[in-house]
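Enquirer: Each chain, written out:
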Amino acid sequence: MKLGRVIGTVVASTHVEGLEGVKLLIVQPLDKKLEPKGEPVVAGDGLQMAGHGELVYYVSSREAALAMPNTFVPVDDAIVGIVDHVHEDPGA
Amino acid sequence: MKLGRVIGTVVASTHVEGLEGVKLLIVQPLDKKLEPKGEPVVAGDGLQMAGHGELVYYVSSREAALAMPNTFVPVDDAIVGIVDHVHEDPGA
Amino acid sequence: MKLGRVIGTVVASTHVEGLEGVKLLIVQPLDKKLEPKGEPVVAGDGLQMAGHGELVYYVSSREAALAMPNTFVPVDDAIVGIVDHVHEDPGA
Amino acid sequence: MKLGRVIGTVVASTHVEGLEGVKLLIVQPLDKKLEPKGEPVVAGDGLQMAGHGELVYYVSSREAALAMPNTFVPVDDAIVGIVDHVHEDPGA
Amino acid sequence: MKLGRVIGTVVASTHVEGLEGVKLLIVQPLDKKLEPKGEPVVAGDGLQMAGHGELVYYVSSREAALAMPNTFVPVDDAIVGIVDHVHEDPGA
Chain A
1 MKLGRVIGTV VASTHVEGLE GVKLLIVQPL DKKLEPKGEP VVAGDGLQMA
51 GHGELVYYVS SREAALAMPN TFVPVDDAIV GIVDHVHEDP GA
Chain C
1 MKLGRVIGTV VASTHVEGLE GVKLLIVQPL DKKLEPKGEP VVAGDGLQMA
51 GHGELVYYVS SREAALAMPN TFVPVDDAIV GIVDHVHEDP GA
Chain Z
1 MKLGRVIGTV VASTHVEGLE GVKLLIVQPL DKKLEPKGEP VVAGDGLQMA
51 GHGELVYYVS SREAALAMPN TFVPVDDAIV GIVDHVHEDP GA
Chain G
1 MKLGRVIGTV VASTHVEGLE GVKLLIVQPL DKKLEPKGEP VVAGDGLQMA
51 GHGELVYYVS SREAALAMPN TFVPVDDAIV GIVDHVHEDP GA
Chain F
1 MKLGRVIGTV VASTHVEGLE GVKLLIVQPL DKKLEPKGEP VVAGDGLQMA
51 GHGELVYYVS SREAALAMPN TFVPVDDAIV GIVDHVHEDP GA
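Chains as they are written, first to last, in our numbering: chain A, 1 to 92; chain C, 1 to 92; chain Z, 1 to 92; chain G, 1 to 92; chain F, 1 to 92.
The hints are simulated quantities; they were obtained by calculation from the structure and are not laboratory data.
Careful: at least some of the hints might be erroneous.
No distinction is drawn between identical chains; accordingly, a pair holds when it is met within one copy or between any pair of copies.
Claimed, not checked - Derived pair list, reagent style DMTMM-like, types lysine to aspartate or glutamate, alpha-carbon separation capped at 20 Å:
hint : residue 1 : residue 2
1    : K33       : E20
2    : K37       : E17
3    : K37       : E20
4    : K32       : E20
5    : K37       : E88
6    : K23       : D89
7    : K23       : E88
8    : K33       : E17
9    : K32       : E17
10   : K23       : E35
11   : K32       : E54
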């Protein structure tokens with residue numbers, strides 16, 4: 001999984017069957033200092049509750065579909081958790 | 001999923017079994033400002049309706065096959081939705 | 001899928017079970033101007049007919065195995081079509 | 001698989017169903033000299049025993065879920081082994 | 001698949017269930033001139049016979065597990081063949 005921050009929303013005018021009810025968020029990947037790094041992805045919100053600006057972790061593979069209400073859908077990025085805090089080991 | 005723009009079409013002279021009826025579009029990946037970034041991919045059009053210049057989101061993995069009429073095909077990029085608009089959160 | 005050009009052949013002295021009869025070609029990925037970009041991959045030839053120098057499109061994931069005669073094999077790049085021509089949209 | 005080092009822990013405030021009991025560690029990928037290279041990933045600990053600073057190898061794909069107690073979960077990075085030592089061949 | 005060269009071995013002190021008997025080799029990816037390029041991966045040896053310094057081709061996805069004695073394991077890089085020679089097409 002990767003760490004990211006929710007920075008926006010995608011509103012679709014049409015989509016393939018199976019994506020009904022899948023909320024699409026724009027997630028900015030973060031580096032180890034939790035700074036933006038790389039290009040944003042469009043992720044399904046597996047939690048149905050990730051809010052703007054929230055720090056999340058997300059999957060980027062076929063496994064993403066398992067986080068959707070209907071698991072047999074063409075989704076390959078999904079938010080699977082909201083981060084309370086990151087604990088970096090001293091000296092690691 | 002990633003955001004992209006349809007910039008062309010691929011016409012095949014021959015292909016493996018199962019790709020009959022799969023429309024192949026060239027999709028240019030976009031960055032967060034919706035500017036071109038990286039190399040284009042050849043994506044199946046899961047919607048059968050994505051037009052030239054349209055802003056779309058697409059999957060880039062095994063899940064892509066799920067967006068095709070016949071889901072048991074060697075396709076790993078597929079357009080799964082057309083974007084109406086992207087809402088970027090203020091201050092995010 | 002990605003666009004590529006066949007630039008060579010790999011001859012194996014030994015391989016895992018299931019790869020009998022799979023022709024292995026070296027495919028150079030291409031950018032949007034159809035110029036070489038990035039490192040070549042070793043792709044199974046799902047068509048059994050892709051020739052030297054030909055412009056092809058290929059899959060790079062688990063889906064690749066679906067293009068092989070025996071689909072339950074460890075192959076993750078496969079040529080799935082030969083390109084007749086690429087039509088780039090004017091102004092796109 | 002890739003070589004990495006455990007550098008921290010992620011504590012979630014909420015997560016999708018199925019991630020109960022999955023310990024999430026921050027793993028820094030390493031290069032061939034075992035120096036940090038690239039951005040850390042959030043990996044499930046398939047061993048339930050990887051400790052801070054430990055040298056591990058991890059998978060980064062759908063296969064990661066197979067290392068979890070419940071294999072049908074949206075996890076795409078998982079630690080699958082702890083390295084005792086790496087033997088680099090002389091002259092290779 | 002990608003071309004690589006075996007440059008070392010990983011000895012694990014512990015690993016997840018299912019990796020018993022899987023020999024782990026360090027494989028250096030190669031570019032089209034067969035020169036080292038990018039970071040090494042830890043690959044299962046599907047052949048049980050790849051030796052030090054040998055030129056191999058390997059898969060880097062879920063398909064890798066299909067090359068293992070037990071195919072339901074968390075392995076995502078596997079050597080699937082040893083290269084006898086690479087034939088680059090003149091003028092390609």
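Enquirer: So, for every hint listed, does it hold in this structure?
Expert: Taking the hints in turn, this is what the structure says about them:
For the identical chains of this complex, K33 and E20 are neighbours neither inside a copy (35 Å) nor across copies (26 Å), given an alpha-carbon limit of 20 Å. In this homomeric assembly, K37 and E17 never come within 20 Å of each other (Cα to Cα): the closest approach is 32 Å inside a single copy and 28 Å across copies. In this assembly of identical chains, K37 and E20 lie within 20 Å of each other by CA distance neither inside one copy nor across copies; the values are 30 Å within and 29 Å between. In this assembly of identical chains, K32 and E20 lie within 20 Å of each other by CA distance neither inside one copy nor across copies; the values are 34 Å within and 24 Å between.
Proximity of K37 and E88 under a CA criterion of 20 Å is satisfied in both settings, with 19 Å inside one chain copy and 17 Å between copies. With identical chains, the CA atoms of K23 and D89 are at most 20 Å apart between copies only, with a shortest distance of 15 Å across copies and 34 Å within one. When the C-alpha separation of K23 and E88 is checked against a cutoff of 20 Å, the pair qualifies only between copies, where the shortest distance is 15 Å, while the shortest distance within a copy is 31 Å. Neither within a single protomer nor between protomers do K33 and E17 lie at most 20 Å apart by alpha-carbon distance, with minima of 38 Å and 28 Å respectively.
Neither within a single protomer nor between protomers do K32 and E17 lie at most 20 Å apart by alpha-carbon distance, with minima of 37 Å and 26 Å respectively. Proximity of K23 to E35 under the C-alpha cut-off of 20 Å is found in neither arrangement, the shortest distances being 24 Å within a copy and 24 Å between copies. Taking CA atoms no more than 20 Å apart as the test, K32 paired with E54 passes in both settings, with 16 Å inside one copy and 18 Å between copies.
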